[in-house]
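Start from the sequences, fold in the hints, and give me the full structure.
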Amino acid sequence: MLVKDKKHDLDITASLYYRIFLALLALTILTFLQPFIISESLYSTVSIQMFLALIKTFFIVAYYMHLKYESMLFKVIVLVAVVTLCIFFIITATDAIFRNETFDMFR
Amino acid sequence: MNDNTPEIIYDKEGNPHEIVDFNDDYTASKLGFWLFLFTELMLFGAMFLVFAFFFYKFSANFVTASEGLSLLLGGANTFILLISTYFMGMSLINLKNRGIEECKKKIYITLILAFLFLLIKLVEWSIEINHGIYPNSEILNAKEHGVILFFGLYFTMTGFHGLHIIIGIFLMFWVLRKIKNGKITPKKHVILENVALYWDLVHLVWVFLFPLFYIIGIGG
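Residue numbers (my numbering), protein chains in the order written: chain A, 3 to 109; chain B, 15 to 234.
These are calculated hints, taken from the structure and not from any lab test. All the given hints hold, so there is nothing to weed out.
Within a straight-line C-alpha distance of at most 30 Å, the following computed BS3-like cross-link-like pairs (lysine-lysine) qualify:
# : chain 1 : residue 1 : chain 2 : residue 2
1 : A       : 77        : B       : 26
2 : A       : 77        : B       : 197
3 : B       : 71        : B       : 157
4 : B       : 197       : A       : 70
5 : A       : 70        : B       : 192
6 : B       : 194       : B       : 118
7 : A       : 70        : B       : 119
8 : B       : 110       : B       : 192
9 : B       : 201       : B       : 26
Since this is a predicted model, take the numbers as computed values, not measurements.
Okay, structure coming up:
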């Protein structure tokens, strides 16, 4: 049986794609300008850049990759992938920050 | 089961449908592709993890090394990928609206932009290599430990990303052939949809690669 998700055809339109493109373009221009406008320290630059990248990720995944219109199953798969990756990052960050320090749990 | 007996499946309302071909299962095709994207996320995620670890350890060296990269070339590629993903998505919308010729035109534009991305990347790598900056080169090995790590990660991560662009180009040619042969139609478009998803992932990876490699040199 051919299973077809009709909701897709109704919700994804050319004008929506164009509006998302403009939003991404604006964010990309901001990515370029940020270090010239606000550049207090390396860590503030990295934090702002990663924040901008996360907003862009939201637009790309939700609209360009249609996740907003997918069933809960697809959303859970992406969530599991992101949570798994975050666990790796948190454990490694704990190692990187606290290795050979007072609270080194890997000693 | 007798070969002549049709297999029946029932929907939520209890209406019977004859199973014609399991290969046309739209949801399963997309689910399978999302699982593949999961593995891609883990592949690039692990590399970003290594980058984050060494960036924390050798922040000053990473900033110095980043200053040596061309913001102009990296920035041009950022805009090229952004525009290419727009055209890839539009090709799918055109196909669904029965505009097959428009769809093909959009895929060709995406292909040109993909080749342009590779060309700029080639120029960028050539500049680095001509300056003696490539993995295990004498000039690079004489530099500080953090700088060696930065360029090692730069060539590995942008190299892997470039490989994905090349695979994407092959996939687009494959899709164009399938459209020509009538295998991808306005009613049967899951292959194009999955290739568009793949191209979005390639764009997504660059969204993080660009600030981490090119912007930290200015902002630091």
